[in-house]
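There are 2 protein chains.
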Amino acid sequence: MATPGDVAPLAHGGDLSAARALFPGAPEPFLDLSAGINPNPYPVAQFSSDWFTHLPEPGEVPRLAAIAAEAYGAPSAEHVVVSPGSQIAVAQASALVAPGSAAVLGPTYAEHARTARLAGHEVIEAASLEQMADSSHAIAVNPNNPDGRILAKDALLALADRLRQHGGLLIVDEAFMDASSRDESLAAEVGCGNIVALRSFGKFFGLPGLRLSFAITSPKIAAELSAALGPWPVSGAALAIGAQALADKAWIEKTRSALLASARRLDAVLSGAGLQVVGGTSLFRLIETGRAEALFRHLGEAGIFVRRFTEQPAWLRFGLPGSEQGWRRLEAALRASVSDQS
Amino acid sequence: MATPGDVAPLAHGGDLSAARALFPGAPEPFLDLSAGINPNPYPVAQFSSDWFTHLPEPGEVPRLAAIAAEAYGAPSAEHVVVSPGSQIAVAQASALVAPGSAAVLGPTYAEHARTARLAGHEVIEAASLEQMADSSHAIAVNPNNPDGRILAKDALLALADRLRQHGGLLIVDEAFMDASSRDESLAAEVGCGNIVALRSFGKFFGLPGLRLSFAITSPKIAAELSAALGPWPVSGAALAIGAQALADKAWIEKTRSALLASARRLDAVLSGAGLQVVGGTSLFRLIETGRAEALFRHLGEAGIFVRRFTEQPAWLRFGLPGSEQGWRRLEAALRASVSDQS
Numbered sequence: 001m002a003t004p005g006d007v008a009p010l011a012h013g014g015d016l017s018a019a020r021a022l023f024p025g026a027p028e029p030f031l032d033l034s035a036g037i038n039p040n041p042y043p044v045a046q047f048s049s050d051w052f053t054h055l056p057e058p059g060e061v062p063r064l065a066a067i068a069a070e071a072y073g074a075p076s077a078e079h080v081v082v083s084p085g086s087q088i089a090v091a092q093a094s095a096l097v098a099p100g101s102a103a104v105l106g107p108t109y110a111e112h113a114r115t116a117r118l119a120g121h122e123v124i125e126a127a128s129l130e131q132m133a134d135s136s137h138a139i140a141v142n143p144n145n146p147d148g149r150i151l152a153k154d155a156l157l158a159l160a161d162r163l164r165q166h167g168g169l170l171i172v173d174e175a176f177m178d179a180s181s182r183d184e185s186l187a188a189e190v191g192c193g194n195i196v197a198l199r200s201f202g203k204f205f206g207l208p209g210l211r212l213s214f215a216i217t218s219p220k221i222a223a224e225l226s227a228a229l230g231p232w233p234v235s236g237a238a239l240a241i242g243a244q245a246l247a248d249k250a251w252i253e254k255t256r257s258a259l260l261a262s263a264r265r266l267d268a269v270l271s272g273a274g275l276q277v278v279g280g281t282s283l284f285r286l287i288e289t290g291r292a293e294a295l296f297r298h299l300g301e302a303g304i305f306v307r308r309f310t311e312q313p314a315w316l317r318f319g320l321p322g323s324e325q326g327w328r329r330l331e332a333a334l335r336a337s338v339s340d341q342s
Numbered sequence: 001m002a003t004p005g006d007v008a009p010l011a012h013g014g015d016l017s018a019a020r021a022l023f024p025g026a027p028e029p030f031l032d033l034s035a036g037i038n039p040n041p042y043p044v045a046q047f048s049s050d051w052f053t054h055l056p057e058p059g060e061v062p063r064l065a066a067i068a069a070e071a072y073g074a075p076s077a078e079h080v081v082v083s084p085g086s087q088i089a090v091a092q093a094s095a096l097v098a099p100g101s102a103a104v105l106g107p108t109y110a111e112h113a114r115t116a117r118l119a120g121h122e123v124i125e126a127a128s129l130e131q132m133a134d135s136s137h138a139i140a141v142n143p144n145n146p147d148g149r150i151l152a153k154d155a156l157l158a159l160a161d162r163l164r165q166h167g168g169l170l171i172v173d174e175a176f177m178d179a180s181s182r183d184e185s186l187a188a189e190v191g192c193g194n195i196v197a198l199r200s201f202g203k204f205f206g207l208p209g210l211r212l213s214f215a216i217t218s219p220k221i222a223a224e225l226s227a228a229l230g231p232w233p234v235s236g237a238a239l240a241i242g243a244q245a246l247a248d249k250a251w252i253e254k255t256r257s258a259l260l261a262s263a264r265r266l267d268a269v270l271s272g273a274g275l276q277v278v279g280g281t282s283l284f285r286l287i288e289t290g291r292a293e294a295l296f297r298h299l300g301e302a303g304i305f306v307r308r309f310t311e312q313p314a315w316l317r318f319g320l321p322g323s324e325q326g327w328r329r330l331e332a333a334l335r336a337s338v339s340d341q342s
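If you read the sequences in order, they're chains A and B. Each residue of the first sequence is one higher than the last, beginning at 1 in our numbering. Each residue of the second sequence is one higher than the last, beginning at 1 in our numbering.
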């Protein structure tokens, strides 16, 4: 591919073919803890070929937008864009601003800097919100991936105010907000006109292959983004399952508690193996250790795939096991790793 | 919605809620002939929750691109962009060209002019390829929707040559090329660098709700468009079903013949009712009649929904019935319409 170097494809979690190439002798099936995705997905009770054989009807998209607005606390359906993934939404939002400087609060999910570069912006990695105020647009992930850092809503709104003075845009990727210990979402605050908050459906609901996300923004920007996506932005399956899942308050409530309990259990398992948890959300935990590379290989050889980071070689990110068998495998592999070391 | 008037949402086929609102007394189920979509879709033998619960692995997208390259006759997988619909692909391609003049060969599918306007271009409706040569980009539909007009490959390549001299881009929407009586696809010719040919998966395979299409273009443009779509451009279902269907040469061959036979049968049925068929592809036929509005209403009241066109009040477009029962309903309603008139 002729992609220039600085926008070349990036490594991501969830790539089991990479795991198999790295650890050809590992026992199958792999326990994939490399992605921050709910391992106990929203149950899809019944499949329907109608999802695919019909064009979604025009009313279905605003209907899903209305359900999402209520679930995420957006002012109205007109503030919500139904999108086939946050990646496309970030690319679209970055293109709303004339090419200039894009400040990305780092270190964070690497696709955002790449996407902003593709839209023609010069990308600056900022270390604080303060450093982002003069850029033509600012991108932050809240809570952050992979360290779970939470930005306060008030601080973000103050940044949006400063950006607005020179026509700047604030994009906040809230992909893990559903699994955050504090709700600092800007979903209810997008009326001020220069905020785009992105919500990922796939992570919390455990259905990333559905390709469904939402951009929550002013009605003006929402209309622009929706118009560019056209009348059929997502699949019939995404419309049907999304509408059902986002309205299922009991499942959402139960899942939030269950993920929190699992995240605490993961902390206990990791601490029990002498590992220091330095951050995370309810969908993943981040550890920092001088023996990250050795542990990554040890786990990989045991068929457990976690996420490492080229730029941060002491970090490893662990997703949640989805079954008791998975927990036992992880515990056993971590115990063996501790014995190896001693 | 705050959408400016000239980019406001458009009416499309396949909108049964509109049909129900227009014809509240019509017998259900509606026979929907308003969209140019294969009514006998590629059989999805088995549904898999894996389509949704996993992120597609990085290798799956190039694998589908390679299968699509072979099916459509593109030079290689690197010439193919896997996209969640042609709408997004046209928006992306229109954004490759600095805002200038977009010439759309008309009359045609109205979304293209709207999309070009959204990308900041001044849109000119051209009556011939000749009139398009000086624009910054040119958009043609081949075969055209709804009249089925076929543009010769050589004429399009000559236009691409002229556009290339001033950095212009040629976008050809080949959504109905699989159902064309002549293959004038530019898929094999995209190496010259300024052509984007768009292929729709959903229409021929009868699975429009899957949201899958392909942009066939130079490796350089393909890499740019793919990069903006990100690592997971389409759903797991689209990757799996698309790869299976596009490699199923027997089904494709059989379906091409079956659609052609159905289109001939539709011509006979329409002619038998005294209607003049003025164009079409194997997925739809267009008639022109002074009593289009009356016929539209007559059919609608009988529960048969066809496509009319605000700008061309004498035109009606008929999709193919998918069952013998559907054919009989259409024949009976047309017969009754003739008796009404006489």
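Don't read these hints as lab results, they were simulated from the structure. Even for Gly, the Cβ is constructed at its ideal location relative to N, Cα and C. Careful: at least some of the hints might be erroneous.
Derived coverage of chain B by chain A (criterion: at least 3 residues anywhere in the stretch with Cβ under 8 Å from a Cβ of chain A; other residues may be distant) [said to hold, decoys possible]:
1. 51 to 57
2. 88 to 97
3. 146 to 157
Label-pair distances were calculated between CB atoms; the ranges are [stated by the list, open to error]:
4. B:257 / A:98: 29 to 37 Å
5. A:165 / B:70: 50 to 58 Å
6. A:312 / B:100: 51 to 59 Å
For the chain A half of the interface with chain B, some residues (derived, Cβ under 8 Å), not all of them [stated by the list, open to error]:
7. 59
8. 326
9. 336
10. 337
11. 338
12. 340
These are the hints, each one checked on the structure:
1. Taking a C-beta to C-beta cut-off of 8 Å, the region 51 to 57 of chain B contributes 7 residues in contact with chain A, enough for the three needed, and the coverage statement holds.
2. Counting residues of the region 88 to 97 of chain B whose C-beta lies closer than 8 Å to any C-beta of chain A gives 3; at least three are required, and the coverage claim holds.
3. Given as covered by chain A, the region 146 to 157 of chain B fails the check, having 0 residues with a CB less than 8 Å from a CB of that chain where 3 are the minimum.
4. Restraint check, residue 257 of chain B to residue 98 of chain A: a C-beta distance of roughly 52 Å breaks the suggested window 29 to 37 Å.
5. For the pair residue 165 of chain A and residue 70 of chain B, the supplied restraint of 50 to 58 Å holds, since their beta-carbon distance comes to about 54 Å.
6. Range check, residue 312 of chain A to residue 100 of chain B: Cβ separation about 44 Å, and the 51 to 59 Å hint is violated.
7. Residue-level restraint check for residue 59 of chain A holds (minimum Cβ-Cβ distance to chain B is 5 Å; threshold 8 Å).
8. Because the smallest distance between the Cβ of residue 326 of chain A and any Cβ of chain B comes to about 14 Å, over 8 Å, the interface hint for this residue is violated.
9. Contact between residue 336 of chain A and chain B, as hinted, is not supported at the beta carbon level, the nearest pair being about 27 Å apart and thus beyond 8 Å.
10. Residue-level restraint check for residue 337 of chain A is violated (minimum Cβ-Cβ distance to chain B is 26 Å; threshold 8 Å).
11. For residue 338 of chain A, the suggested interface contact is broken, since its CB lies about 31 Å from the closest CB of chain B, more than 8 Å.
12. For residue 340 of chain A, the shortest C-beta to C-beta distance to chain B is roughly 30 Å, which exceeds 8 Å, and the interface hint is violated.
Hint check: violations occur at hints 3, 4, 6, 8, 9, 10, 11, 12; the rest are consistent with the structure.
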